[in-house]
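Residue numbers (the numbering used here), protein chains in the order written: chain C, 16 to 384; chain D, 12 to 518; chain X, 950 to 1279; chain G, 950 to 1279.
Straight-line alpha carbon distances no greater than 16 Å define the calculated EDC-like cross-link-like pairs of lysine to aspartate or glutamate that follow: (1) Lys357/D - Glu1160/X; (2) Lys396/D - Glu409/D; (3) Lys456/D - Asp262/D; (4) Lys358/D - Glu1160/X.
Treat the hints as calculated values from the structure; they're not laboratory data. Since the structure is predicted, the reported quantities are computational estimates derived from the model, not experimental observations.
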Amino acid sequence: QDFHGFNLSGHDGSMISAENLKAMVAEAASVSKPRNGEKLVIGFANLQRDVSFCLKVEEGLKANAEAAGVELVIADNRLDGATALANAQSFLQRNVDYVIEFQTDANFGATIMQQMNDASTKVTAIDIPMPGATFFGANNPRSGYMGGAYLGQAAIAKFGADKVKEGYFVVGELPQSGAIPAMRTGGQVEGFLAAVEGFSPDHVIKIDTKNVLEESFTQMTNVLGRIPAGVPIMVTAINDQSATGMLRAVKQAGREADLVVVGMGADEIQTMMDEPTFVASVGYFPERYGNYLLPLALAQLAGKETPSTVLVNHVIVTKGNVCEFYSNFKCADDKGIDFQFPDAKFQEHLAALRQSPELKGFENLIPSN
Amino acid sequence: MPTAAPRLHMQGIGKSFGGVPVLSGVDFTVEAGEVVALLGSNGAGKSTLMKILTGLYGRDAGTIAVDGETVDFAAPSAAVAAGVRLLPQEISVMPDMTVAENIFAGDLPLKKGLLFRSVDDAAMRRRSRELLDQLGFGAIDPDTVMKRLSVAEQRIVEIARALAGQARILIMDEPTAALTEQEATLIFRIIRRLKAQSVSVVYISHYLSEVFEISDRIAVLRDGRNAGTFRTAETNHADVLAAMLGNTVGDLYAEGGAAKGEEILSVEALSLPGKLDDIGFSIRAGEILGVFGLVGSGIEVLGRAIYGALGPMKAGRIRLGGREYRPASPVAGKRSGIGFVAAERKKEGIIADLTVRENIALSFQERFERGLFVSKSAETSHAKKWIDGLGIRTRGPEQRIRTLSGGNQQKVCIARWLVEGVELLILEEPTRGVDVGARKEIYGKLRDLADRGFAVLVLSSDVEEVAGLGDRALVLDRGRVVGRFGRGATPAQLMAATSADPAFHAA
Amino acid sequence: MATATPATISATRRRMTSLLGRPWSGVAVLLVFYIGLVVVFSVLSPFFLSVRNMLSIGSNVAFIGLMAATGTPLIIAGGLDLSVAAIAGLTGVVISLLHMQGLDIWLAVAVAVFVAAAIGWINGLFTTRLKLNPLIVTLGMMSIVSGLALVMTGGLTRPLMVPGFNVIGQGRVFGVPLPLILMLVTFLGLWLVLTRTRFGRHVYASGGNAEAARLIGIPVERTVVTLYIVSALSGAVAGIVLAAMLGAAAPNSAGQHLLTVIAAIILGGTSLNGGRGSVWGTLLAILILGTLNNGLTLMNVSSFWQDVTRGVVLMLAVSLDQIRSRALGD
Amino acid sequence: MATATPATISATRRRMTSLLGRPWSGVAVLLVFYIGLVVVFSVLSPFFLSVRNMLSIGSNVAFIGLMAATGTPLIIAGGLDLSVAAIAGLTGVVISLLHMQGLDIWLAVAVAVFVAAAIGWINGLFTTRLKLNPLIVTLGMMSIVSGLALVMTGGLTRPLMVPGFNVIGQGRVFGVPLPLILMLVTFLGLWLVLTRTRFGRHVYASGGNAEAARLIGIPVERTVVTLYIVSALSGAVAGIVLAAMLGAAAPNSAGQHLLTVIAAIILGGTSLNGGRGSVWGTLLAILILGTLNNGLTLMNVSSFWQDVTRGVVLMLAVSLDQIRSRALGD
Ligand SMILES: Nc1ncnc2c1ncn2[C@@H]1O[C@H](COP(=O)(O)OP(=O)(O)OP(=O)(O)O)[C@@H](O)[C@H]1O
Ligand SMILES: Nc1ncnc2c1ncn2[C@@H]1O[C@H](COP(=O)(O)OP(=O)(O)OP(=O)(O)O)[C@@H](O)[C@H]1O
Ligand SMILES: O[C@@H]1[C@@H](O)[C@H](O)OC[C@H]1O
Ligand SMILES: [Mg+2]
Ligand SMILES: [Mg+2]
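Sequences and hints are given; from them, build the entire structure.
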């Protein structure tokens, strides 16, 4: 139902007016008395502040908190379980009224949640689910699948189906960060194979990007040695930053003509606009996360019923439609390909995921669609 | 008479370390072309005074003038630039650089290159060879990496380095402590030549005979204060010693003990490829056996081989305390009742950061345990016993050994082995760098130990020491026993037994 | 009123000097620094000074502290172990995998501890017997061990929730978190061993002058190998504490704290050249770093500025000790 | 036919020994190891042995190589710089920010290089004048510098696309990538300086025995401070190469390679105790690590197994050198 202008199912992702936010705060504070006796305090633990995606989430939350007049205390989990635990304790130490956790690994969630529950503090978990917390974030199997499929279709449009089969598909992974990114990159591979029928699995190359520009560049450079001259090079990765590093490596090798890149996250739009071969990125809209997260937190503090899971609605962002989402960029005339999401095959993929022994114990992370 | 300013004039020098005064109001003067010997017992402050002169240490009081000009060297480089060069007491070289580089690193010859002035290695090599030849040590190859040389050879290279630059004042702090007499003679030749060139030399030594041979004047320090200066030609050993110590020393060596006990060590046909060849001897309880040899003669390895420091021995038969004994490791040697004091006190003897108490207790730590833990009081009383027993001059058992003077460190190294169960004590160069007073104390203690039933094996390149101390003496040359002497052998006899050329070098 | 005569000044100076000159005076300087830090944060943040917060700092630094504790004698003896944090990661992984296979949790722990000991033993053999450079050997070992942990889990974090086991990380005794107790007991034990036992003397002697120590019949190699094993074991314990605390085992869990471990040991006054150091210095350095983290977070300082501040504090702390040495004219 | 008499055997042995005993024999062992690695990969992967691939290995390792190159003389002289990689990150950030403010790109580069030099100078002063421990000082500096880079960018990667500038990272001369050329020229230059100039001898002397060097009038402090500045400058150049190559400046870009830089220097035969080492050893170590990474990636080996392999290779390489030393009876 509607909570001062916030209605989850109908929400378009824009920021609620300051007036409405303040009304939410007033209601929340009357139901849940601020623990410091003055005003509501919300704790936000970021995943790793020097990743642009995470930074955008933080900026969005800050803007909302400021408009609403609640205090936001921020900590940096630094991609580390122990640090996340210490940060959670520091929130409790400061008597925060609500916690938003962007955390490293689902498996660390239980311990943190136990402490939150002991303190009767409610939690929303971003991207990485935690037991008993509201989940808000990426639909990883879907976003990955979407990006992979788009890349396949864009490659066919550029090189023709026959040529694409001679080409190589390189995916920049982040294997050490566990099951969730793996579902994303796994989805990219499956989506690509779904779009390019008869593509040889031997032509799929996986590299470890370590989630940084430079390593993506180095490993892509290494792997280019395996790709014969003149065949298509189709690239996607765990996030835009890694995709960018891989793109630069192909450029440095002078093989840009054979390249198509699809990013993930749409959080480095400028690069996408500047690079002709960077055709699209799967949109997550991290800058809008705060527009959901803060109202959601206030609604819960106000005692409202809220759904336990809110998945981001991913959209393909291209040079042709970018202005619809980011007004500071102009849309190009070239509208790109006419993308078809392979829905039936995606359902098969989801079914397969549910059977996967690798994901045993992580079934809750697999969305229903 | 026109009185020109002296070459060096230090006046009223004062220095304390951590509040404890080490030098107070010291005056020290050297004329141009004069050799002044600086004497004093261990810890009197000789090295400290010279380190102050060369800018290694700051001073608390006093002035320094060179050729009438007040100077205040902030760092050794300033002293070097002013022609004041120090040959320090402790070997101070760059072990991984070549001999030539060690000699010239401070003043490298350069040549024009294509792009830049580069180091003229050929010139450096040539001049190094000349310098070493001049010194009489032409056999040292300028291209050898320093760490491959023996201690004595490294010392020679250091001397060559001190001579390489244009010095006005050359300070030599115990240059001959690790050298033999013959080698020292070569050094004296150089000093005389420098003197002729009007270079001033400060010569620090504990060997009175050397001092009387080479110096024009003798300045004595005692407890950090001036204790008199003497014209060398107008004085004698006794007066100088009296100034140094406040009393005279008398005979350095105690009378040999009377009763010898049963045989403690017997060595037969001991060989070590390239180093020792068919060595045989024995020592009885109550006996001191001296082994004399020059560098390279085998004295550097003989004691170690027996102790086990060179690892398991194959050739030869050794009996220790009546039982068959095979050297294997220091741990095993110690367990069999051998104590060992290494020549290189700083490198192989002291654990610098530990206290006197800890250093003494270390070798037989298990004897100071009460249950699981070490008993500090047991350690302390043991340490105190030997601080008194050996006359170790220290502020107490808790002083760090690194801040003791050399002679006292040496006594600590000996004290380590003075426990029940040690039958054989092996000492390499037991009094290197030790002052006369302390040397006499150490000799006295070794004799006491022998009288208490220890067998003592002393390996030394100091011929007087071996002649004076040993009940019997062996002479080694190129790994073989070339002479066996009873008590009363003279240094000259021992010396004569070695056929070695005074300029040592391994063939 | 008494005026300060030169004599009284010098007497005071001598007394101060002798106080500062004691072996533990470097530790005293760190203690003063630590207390200063606590005072500053107490003033700046209302949340800082409470028993609960102090205890949570203690329990947060525990697993790092465990590794730094045993790293201290190892470095004193002239060794160095860069693989310890990787061993912590592997330990958690081995336990969780074995337990998943149905093995009793304590048996799994025993196996993991044994594996760690074996790794430490290899480190020790390579560095002493083969005389290889410890930095390269243990860096190589770090790479191997963390690689294996990743291979074994496929990079995934594994849940590890077994009530009896998790108590190690989450339990309290009289309100004091168990990890903190474990760490303090380790420091206390190592202090006793280092200062009161034969083995402890051998540690200082081996690192102070290995050749001299060997020549007086101290088993230098055995001492150093033992310390590598102990270091690996502390890695295992740290891994156990971490996994128990987090309720999950991550293959790379402790890796990013490696530099903190080494920094704490050096900041604590232990010399990388061996022969000198104390575990209390290390403990204070660990507490300083943990307190800094906690205090700055409580003050809502951004993590970027936290990095800057940590650097400044490291430099300040080591400068302070230098000023002490200078005052002594060392 | 001649039979080997003891005399000829010992003559041969002497010749071999003298060959192996030369200062560069450790380097020769690494060269053999490197060639072995190249042969193995050539056999195992059809993609490995090609000019193109060799060049891409070279350009991949260039920025690490630059930092390791200047780190070598610094460690030879008894110093250590853990901040160099952080300086690389800061350099890119400063350039991109200044350029965004409208400053000419080369002016921006000049400012960034100047900032780096100042940081190196501070490292040098703190470690020599104040005699602070270099590990703590430069670790602290690393934390400060990388923290500042994050603060300045707000943690974001900044695009840096200026054709003239990007040539540094992406250009080629006769087909050889510019970063590779830059690195090789740096090694060559340092080799000349170290072996041919007065400054070079001062470097070895300062690290071999600072006390002795000071005593014979070598300006030890000035030498070491200069090397800290040079190290920081190479960090700046590495940062420029990296930013130019990637077309972007990331505040955290080089940080994770810190251990690789140190490992390469030590593996290359430079002693952490100072006084010994050569830049060619470092270069070979860098090439070995880069080749390993490339070859294993081409063979499609997972990054986890790559970690394991890298560890094994590090240990093997240093063992091989030890075997050489043993053969010499060192
Ligand atoms: N590190 C130090 N700090 C303070 N005082 C020291 C230090 N080292 C030595 N001293 C003191 O300096 C003075 C002279 O030293 P030392 O005991 O070595 O000389 P000594 O006993 O006169 O000489 P020796 O017994 O060797 O002939 C003593 O009072 C000694 O305790
Ligand atoms: N750096 C130092 N710190 C503390 N005490 C010192 C230091 N250097 C010298 N001392 C002390 O100063 C006193 C004088 O030492 P110095 O080395 O000058 O004696 P020395 O006369 O040269 O003795 P030796 O004949 O044994 O060489 C000694 O007691 C010594 O322990
Ligand atoms: O890789 C990261 C992903 O795990 C997280 O969900 O969003 C930010 C990404 O950079
Ligand atoms: Mg004395
Ligand atoms: Mg002296």
